[in-house]
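Whole structure, please, built from the sequences with the hints as guidance.
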Amino acid sequence: MSDVRMFDSRPATAVDAESPLAVSNLAERARRSAADPGVTLRERAFLGHLILRGGAIVLDEAVREVLGVSLPARPGALVHDADGERSIQWLSPDEWLLIVPEGEAYTLEKRLRDALGDAHFAIVDVSGGQTLVELSGPRAREVLMKSTPYDVHPRHFPAGKGVTTTFAKATAIVRRPDEELWELVLRRSFADYCYRWLVDAGEEYGLAVEESGR
Amino acid sequence: MFHIYCPYCEEHREEEEFHPKGQAHIARPADPDACSDAEWGDYLFFRDNPRGIHHELWVHAVGCRKFFNITRHTVTYAILETYRMGEQPTITAESLASGEKAGNVQAASGGQQTVGASDAAVASVKGAQA
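If you read the protein sequences in the order shown, they are chains A and B.
Residue 0 is where the first sequence starts when you use numbering that gives the first Met the number 0, and the numbers rise one by one after that.
Residue 0 is where the second sequence starts when you use numbering that gives the first Met the number 0, and the numbers rise one by one after that.
Any given hint could be a false lead.
Below, simulated DSSO-like cross-link-like pairs (lysine-lysine); rule was C-alpha separation at most 30 Å, straight line [said to hold, decoys possible]: (1) 20(B) <-> 168(A); (2) 109(A) <-> 20(B); (3) 20(B) <-> 65(B); (4) 168(A) <-> 65(B); (5) 65(B) <-> 145(A); (6) 145(A) <-> 168(A); (7) 145(A) <-> 160(A).
Far from chain A, some chain B residues (derived; all Cβ distances over 12 Å) [as the list claims (entries may be wrong)]: (8) 2; (9) 22; (10) 27; (11) 38; (12) 41; (13) 80; (14) 93; (15) 94; (16) 95.
Cβ-Cβ distance ranges computed for the label pairs, FRET-style [to be verified]: (17) 204(A) <-> 28(B): 57 to 65 Å; (18) 195(A) <-> 22(B): 47 to 55 Å; (19) 144(A) <-> 28(B): 44 to 52 Å; (20) 168(A) <-> 10(B): 38 to 46 Å; (21) 13(A) <-> 20(B): 45 to 53 Å; (22) 27(A) <-> 27(B): 52 to 60 Å; (23) 54(A) <-> 37(B): 40 to 48 Å; (24) 158(A) <-> 27(B): 39 to 47 Å; (25) 98(B) <-> 150(A): 31 to 39 Å; (26) 67(A) <-> 22(B): 46 to 54 Å; (27) 52(A) <-> 45(B): 30 to 38 Å.
Since the hints were derived computationally from the structure, they do not count as laboratory data.
By construction, the Cβ of each residue, glycine as well, lies at the ideal position given by its N, Cα and C atoms.
Put into structure tokens, the structure is as follows:
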């Protein structure tokens, strides 16, 4: 058992939390959403983001035990668990991003640490450092084509793939969990800028903004 | 724009995702205390500036953030291969030169290539410049 001290960054007691997009006033833009939108933008705030680092073999064992899915070993791979709520993405040969529903990050980190024991690894909770924005709709791909030099054609970017790349001159993780949906993982300091970029880029296709629910 | 193959991401990415980090395969003196000032100075400051094949260290800064090596031609800018850290290049100035002797002539793009090009091609370039 590793003797790393852990703390729950989102304890059960009510603590005010703000998404990185709190300053962007999505509610105001949501009221002006297009009636028949070509692109729908939705923030999924307060998800648990964990960075997993270490050897693939040792991590794979622990992840399969705790989450019931195997660690994606192929570059750019993105896998979801049985109910589609939890995802693991390959970021580099020794680094993976785990995204889980709100409130699960702490217990998951604990269970992974227990499963990994004395192995050589690192788990970092980066939930406060980034947020997830979903793009859907028939023109979503065209918004991405304007924003990133990465080839997002379905032939090159099938569902189940995710890459870290330049997005609107900033850095973002672009993921495609299924055929209809694109996800952007935005760093906190870039979030407002990227959101404004997306609003500007999506305007011509008819843009709808949905709030994340809290 | 370069379109660079990252050996870790296993696909081609745009150049803006990468940073060059200078000459590759620079070995740190095994025993710094025992080496001469000249050796240490060479290690710290002196770099090759070849006309032709150059092995370089690059980092996929926006991406997997791993360092890797690129064999690049400094005249044509052609990237001949990329390979992971700890690996040795399969294409070198020597391998190109010996390939040429075996009749496997490397493309001397624009007649500029002097490393790995045939003696006749070098002479013709020199003749054109004279």
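Non-conforming hints, listed in increasing numerical order: 2, 8, 18, 20
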